[in-house]
Structure formats: C-alpha cells, structure tokens
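**Q** Chains as they are written, first to last, in this note's numbering: chain E, 1 to 190; chain G, 1 to 190.
Note that these hints are calculated values from the structure, not bench results. Possibly wrong hints are sitting among the right ones.
Since the list gives no way to pick out one identical chain from another, each pair is judged satisfied if it fits inside one copy or across any two copies.
[Stated by the list, open to error] With a cut-off of at most 25 Å between alpha-carbon atoms, the simulated DMTMM-like pairs for lysine to aspartate or glutamate come out as follows:
{"no.": "1", "residue 1": "Lys14", "residue 2": "Glu129"}
{"no.": "2", "residue 1": "Lys38", "residue 2": "Glu138"}
{"no.": "3", "residue 1": "Lys2", "residue 2": "Glu165"}
{"no.": "4", "residue 1": "Lys134", "residue 2": "Glu59"}
{"no.": "5", "residue 1": "Lys190", "residue 2": "Glu48"}
{"no.": "6", "residue 1": "Lys176", "residue 2": "Asp19"}
{"no.": "7", "residue 1": "Lys176", "residue 2": "Glu95"}
{"no.": "8", "residue 1": "Lys190", "residue 2": "Glu160"}
{"no.": "9", "residue 1": "Lys55", "residue 2": "Asp17"}
{"no.": "10", "residue 1": "Lys14", "residue 2": "Glu80"}
{"no.": "11", "residue 1": "Lys176", "residue 2": "Glu59"}
{"no.": "12", "residue 1": "Lys190", "residue 2": "Glu139"}
{"no.": "13", "residue 1": "Lys190", "residue 2": "Glu88"}
{"no.": "14", "residue 1": "Lys190", "residue 2": "Asp121"}
{"no.": "15", "residue 1": "Lys55", "residue 2": "Glu129"}
{"no.": "16", "residue 1": "Lys2", "residue 2": "Asp20"}
{"no.": "17", "residue 1": "Lys176", "residue 2": "Glu76"}
{"no.": "18", "residue 1": "Lys38", "residue 2": "Glu88"}
{"no.": "19", "residue 1": "Lys190", "residue 2": "Glu76"}
{"no.": "20", "residue 1": "Lys55", "residue 2": "Asp140"}
{"no.": "21", "residue 1": "Lys190", "residue 2": "Glu80"}
{"no.": "22", "residue 1": "Lys2", "residue 2": "Asp140"}
{"no.": "23", "residue 1": "Lys14", "residue 2": "Asp121"}
{"no.": "24", "residue 1": "Lys55", "residue 2": "Asp19"}
2 protein chains.
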Amino acid sequence: MKYCDQCGGTLSLKIPDNDDRPRHVCDVCELIHYRNPKIIAGCIPVWENQVLLCKRAIEPRHGFWTLPAGFMELGETTTEAALRETLEEANARVELQGLYALMNLPHVSQVYMMFRSRLLDLNFSPGVESLQVKLYKEEDIPWDDLAFSTIRHTLRFFFEDQQREDYRLRVGDIVKGRDGFGYISSPQIK
Amino acid sequence: MKYCDQCGGTLSLKIPDNDDRPRHVCDVCELIHYRNPKIIAGCIPVWENQVLLCKRAIEPRHGFWTLPAGFMELGETTTEAALRETLEEANARVELQGLYALMNLPHVSQVYMMFRSRLLDLNFSPGVESLQVKLYKEEDIPWDDLAFSTIRHTLRFFFEDQQREDYRLRVGDIVKGRDGFGYISSPQIK
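In isolation and in its complexed conformation, chain E is listed as follows (with noise of 0.2 Å):
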C-alpha cells in the first residue's frame, strides 16, 4: 500500500493516537487505512461414503485437488459464500449441515471455515476454476495431491469423525513447526 485509496496521497506507516500498531495513515486526508485478516468458506460434499474435490484450473496449486472454497464477498453471510463456492467450483447443491472446521492461518492472515454438508444430487461437473471434480472414498483421497494443509486437516478429521459417527467442531490452527507447516488445536482454548 503506497497511496490513499480516497484522495491519491501518499501513505506513511505510523501508529495513530489510541493505537497500538502501525497502519498506513494518507499524509493528505489522514484517512487510516487498516488491513484485516480474510475469510475463507467452504464445505465437504459428502454422497454416501465419498467426498467430492476439486482439481484447481487456477493459481495457487493449479492441478492439486481441494475442497470447494473460497473468499467471502461482501454482503453475504459465511454458509452464502460456502454454497456459492460449491456452486461456483463443482456446479454442485449441497445442504449444509453445520460449522466443522475454523481454522487460523496467521502467517497470510487468512481464516478457514469449512461447514460438512450433503451432496443433494450428482449433476456436478467442473465450474471454470476446476480441471476436474470427483467423488472420492477415503482410501482412494490424493493425499499427496492436496491444494492446501487446511483442505488436508480437515479431510482427515472428517474421515476420523465419520467412523465414530461423531463429528466435533474443530477450531486450531495451521503453524510452522520443525517440520513445516502442520496444524495445532487452538492454544488459547482449555
């Protein structure tokens, strides 16, 4: 961010009155500008014992498969936005059935919410941003072929669930450890 998105001035870091950061103020109209954290809402279609993906026809992880998701607009709600990916990604109806999955994503500032959700027919097929999508078991899952460590996490919490019949909201986060990114349960929650 270089400049004032309301008069064009140029913006300089600097940590307002009664703030505690820096944030980029406009040297000219003083407008701050502050940045927040994006979310990120999607479901698990799930067809009896299958799940359905989606193979990415866009950046990041183009040709990794994922489950549909994406950025939240304004002016809808999280379960809009997760139907609207389905719809947008797969061309597939789904009823959703509940939050499962709230993952943080601190270092790009991104929040995952996933909800589990029931595949309402097979007319699916891939919408512009997917190569491919399929209904997959759990032994057949691209494991290695992932998009991201969220889509992972929450597949294998899903499959876990799924066998106990049980399924328990899951609030944790994705951080870096000795080995790379991995996921924790939230720290903050006893």
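Starting from the known structure of chain E, fit chain G onto it as the hints suggest.
**A** Chain G only, in chain E's frame:
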C-alpha cells in the same frame, strides 16, 4: 475507493475476466482491488454467575454496554484476537472455552466470532476504549443499553444455555425484518 493503493492511478468499477461481479480495477496498472468482510472476535468472560461487560468510551455506541470484542488484526488468530480485545478493553485475563457464536452481519460485511471464557481473576479495569467494566448477573444485565444486537443475542443464548448447563454453538445472521434487525439461525444449515 477512488485511487489504486499501489500506483495511485484512478479506479473504475468493472467486472474482471472470469469474475461475476464489479471490482475496483486500476485504470493504469490494472490491479484488481478486492474487498472482503471483516472478523470481529471477542468473548463472554464469566465469573461464577456473572458476565463481564464494558461500557464503550468510543463511537459507535458510546456509553452503551458490550462484551469485549473487536476487529481481528493481520497476523493473529481468532482466539488470539479475542484474548487481546479482552485485555485491551477490560484489562481482563480469560481462558477461552470454545467458540460459542458465529454471527454474520451481511449488511455491514462483518462476521462476529464470540468465544465462551472463564475470567481468571478480578483484577479488571477499563481499558482506553471503555468508560467502565463491570460484572453483571443475568437479572441485572442492562438489556436496553447494550451496544449491538450481536451482543444482546449472544448474551441471551448464553443465559439460556447456562440454565441447562449445555452450551451449543450458534451459527446465524443478523438481518433486517419487519421490526428492525433480528437474529435468525443460519437458513442454509438444515
């Protein structure tokens, strides 16, 4: 938004290729400026049968009561944000116990995430954004002087569940009805 924050060029509203809605696109460098909903994270600090409320020293809703909550910052997790806001607004230390309410406010593109929490000690005091910080029993909650409908509904659910000693996650939306803004359980979740 009128100017590109990267090059200072003027912005025009247009629908980018492979997109379905107007974005602010720079006339000079063609950068697309996405805007997304913001997360407000906070908690319900509980001490025995009392809940800690803060009287707001800032606009909006100066002088009205709220639970500690505020905009999530870049680089933090939702749980870290809830703890930080509780410390900033009430100088209060809590232990989070789980996500309790996820409320969408599509008309202002906000998502509230409220956690249940246990107040760890009674050494709380007003932070710079609070006029007063006080423990309230259910019967003394200033229902007519609460700052936001999200706070009113979160507290109402909390006291209902406290009686049953069974706390369940609420996922819903604050939307405009015939009598003003009210809470509805998320219509996308069946």
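**Q** Hints first: check each against the structure and report whether it holds.
**A** Structure-based check of each hint:
| no. | hint | verdict |
| --- | --- | --- |
| 1 | Lys14 <-> Glu129 | between (39 Å within a copy, 20 Å between copies) |
| 2 | Lys38 <-> Glu138 | neither (30 Å within a copy, 35 Å between copies) |
| 3 | Lys2 <-> Glu165 | neither (52 Å within a copy, 52 Å between copies) |
| 4 | Lys134 <-> Glu59 | within (19 Å within a copy, 50 Å between copies) |
| 5 | Lys190 <-> Glu48 | between (35 Å within a copy, 17 Å between copies) |
| 6 | Lys176 <-> Asp19 | neither (29 Å within a copy, 33 Å between copies) |
| 7 | Lys176 <-> Glu95 | between (34 Å within a copy, 24 Å between copies) |
| 8 | Lys190 <-> Glu160 | both (22 Å within a copy, 23 Å between copies) |
| 9 | Lys55 <-> Asp17 | between (48 Å within a copy, 20 Å between copies) |
| 10 | Lys14 <-> Glu80 | between (37 Å within a copy, 23 Å between copies) |
| 11 | Lys176 <-> Glu59 | within (22 Å within a copy, 38 Å between copies) |
| 12 | Lys190 <-> Glu139 | neither (33 Å within a copy, 28 Å between copies) |
| 13 | Lys190 <-> Glu88 | between (38 Å within a copy, 21 Å between copies) |
| 14 | Lys190 <-> Asp121 | between (40 Å within a copy, 16 Å between copies) |
| 15 | Lys55 <-> Glu129 | within (9 Å within a copy, 47 Å between copies) |
| 16 | Lys2 <-> Asp20 | within (21 Å within a copy, 28 Å between copies) |
| 17 | Lys176 <-> Glu76 | between (31 Å within a copy, 14 Å between copies) |
| 18 | Lys38 <-> Glu88 | both (19 Å within a copy, 23 Å between copies) |
| 19 | Lys190 <-> Glu76 | between (32 Å within a copy, 18 Å between copies) |
| 20 | Lys55 <-> Asp140 | within (14 Å within a copy, 55 Å between copies) |
| 21 | Lys190 <-> Glu80 | between (31 Å within a copy, 13 Å between copies) |
| 22 | Lys2 <-> Asp140 | neither (48 Å within a copy, 49 Å between copies) |
| 23 | Lys14 <-> Asp121 | neither (54 Å within a copy, 35 Å between copies) |
| 24 | Lys55 <-> Asp19 | between (44 Å within a copy, 19 Å between copies) |
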